[in-house]
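All chains, please: the whole structure from these sequences, using the hints.
This is what each chain is made of:
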Amino acid sequence: GQQLNQSPQSMFIQEGEDVSMNCTSSSIFNTWLWYKQDPGEGPVLLIALYKAGELTSNGRLTAQFGITRKDSFLNISASIPSDVGIYFCAGRRDNYGQNFVFGPGTRLSVLP
Amino acid sequence: NAGVTQTPKFRVLKTGQSMTLLCAQDMNHEYMYWYRQDPGMGLRLIHYSVGEGTTAKGEVPDGYNVSRLKKQNFLLGLESAAPSQTSVYFCASSPLRGRGPGYTFGSGTRLTVV
Numbered sequence: 728g729q730q731l732n733q734s735p736q737s738m739f740i741q742e743g744e745d746v747s748m749n750c751t752s753s754s755i756f757n758t759w760l761w762y763k764q765d766p767g768e769g770p771v772l773l774i775a776l777y778k779a780g781e782l783t784s785n786g787r788l789t790a791q792f793g794i795t796r797k798d799s800f801l802n803i804s805a806s807i808p809s810d811v812g813i814y815f816c817a818g819r820r821d822n823y824g825q826n827f828v829f830g831p832g833t834r835l836s837v838l839p
Numbered sequence: 077n078a079g080v081t082q083t084p085k086f087r088v089l090k091t092g093q094s095m096t097l098l099c100a101q102d103m104n105h106e107y108m109y110w111y112r113q114d115p116g117m118g119l120r121l122i123h124y125s126v127g128e129g130t131t132a133k134g135e136v137p138d139g140y141n142v143s144r145l146k147k148q149n150f151l152l153g154l155e156s157a158a159p160s161q162t163s164v165y166f167c168a169s170s171p172l173r174g175r176g177p178g179y180t181f182g183s184g185t186r187l188t189v190v
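Residue numbers (the numbering used here), protein chains in the order written: chain C, 728 to 839; chain U, 77 to 190.
None of these hints come from the bench; they were simulated from the model.
Every residue, glycine too, gets a C-beta built ideally from N, C-alpha and C.
There may be inaccurate statements among the hints.
[As the list claims (entries may be wrong)] The calculated label-pair distances, taken between Cβ atoms and stated as ranges, are:
1) U/A132 / C/S804: 27 to 33 Å
2) U/T96 / C/E768: 20 to 26 Å
3) U/V88 / C/Q736: 44 to 50 Å
4) C/D745 / U/D114: 26 to 32 Å
In structure tokens:
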């Protein structure tokens, strides 16, 4: 089946630092989503990307749809303690279906 | 507006016991899903439904059954629980077509099979 890889698997950063993570696939995707999961909760949608090269921001978060359509990137600027959690990417190959495949997640820890 | 509600939040089963996980959504979404989340594995799709009365298998359907008798409810059943089914289970829903907001997830059910 389709596989997504996320890098890094986990990261520890100091409060105030910027964060970068990525998601890669061996297949081309037409939609990329980024979710955040707080401890003990379900994932919550952060950003949705629909076009190659698209760059979209949500507050301190910025995500990009890779030009090759096989990857996506998420950046967090000036991290704060509440950024702690697991960040998942999800992709789908068609434009209107609802069957996404999820990456294994990047676990972010923010040290005060 | 509650979104997606899952019950129970926690459950411990003995091997061989059966149980049903309940999922309810109040957003009039057509699609509903059941995922399991295991460490390092991300979210894996168990079963999904594209509308009332319809269900389909996902990536890891073995050992599970589902029913969608009403549009707002999606039930996940374990007929004979096994330790390998120890996991966190998430229900999600989404609208029928279009770009939409992607999935809306419930807060999860943590199941332990001993």
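20 to 26 Å as the expected CB spacing between C/E768 and U/T96, which holds or is violated: Between U/T96 and C/E768, where Cβ atoms are some 22 Å apart, the hint holds.
Can you tell me whether the CB distance of U/A132 to C/S804 sits inside 27 to 33 Å? For C/S804 against U/A132, whose Cβ atoms are near 41 Å apart, the range 27 to 33 Å is violated.
Is 44 to 50 Å a correct range for the gap between the Cβ atoms of U/V88 and C/Q736? 29 Å, violated
Is it true that the C-beta distance of C/D745 to U/D114 lies inside 26 to 32 Å, as the hint says? Since the Cβ atoms of C/D745 and U/D114 sit about 30 Å apart, the hinted range of 26 to 32 Å holds.
The structure shown violates the earlier hints numbered 1, 3.
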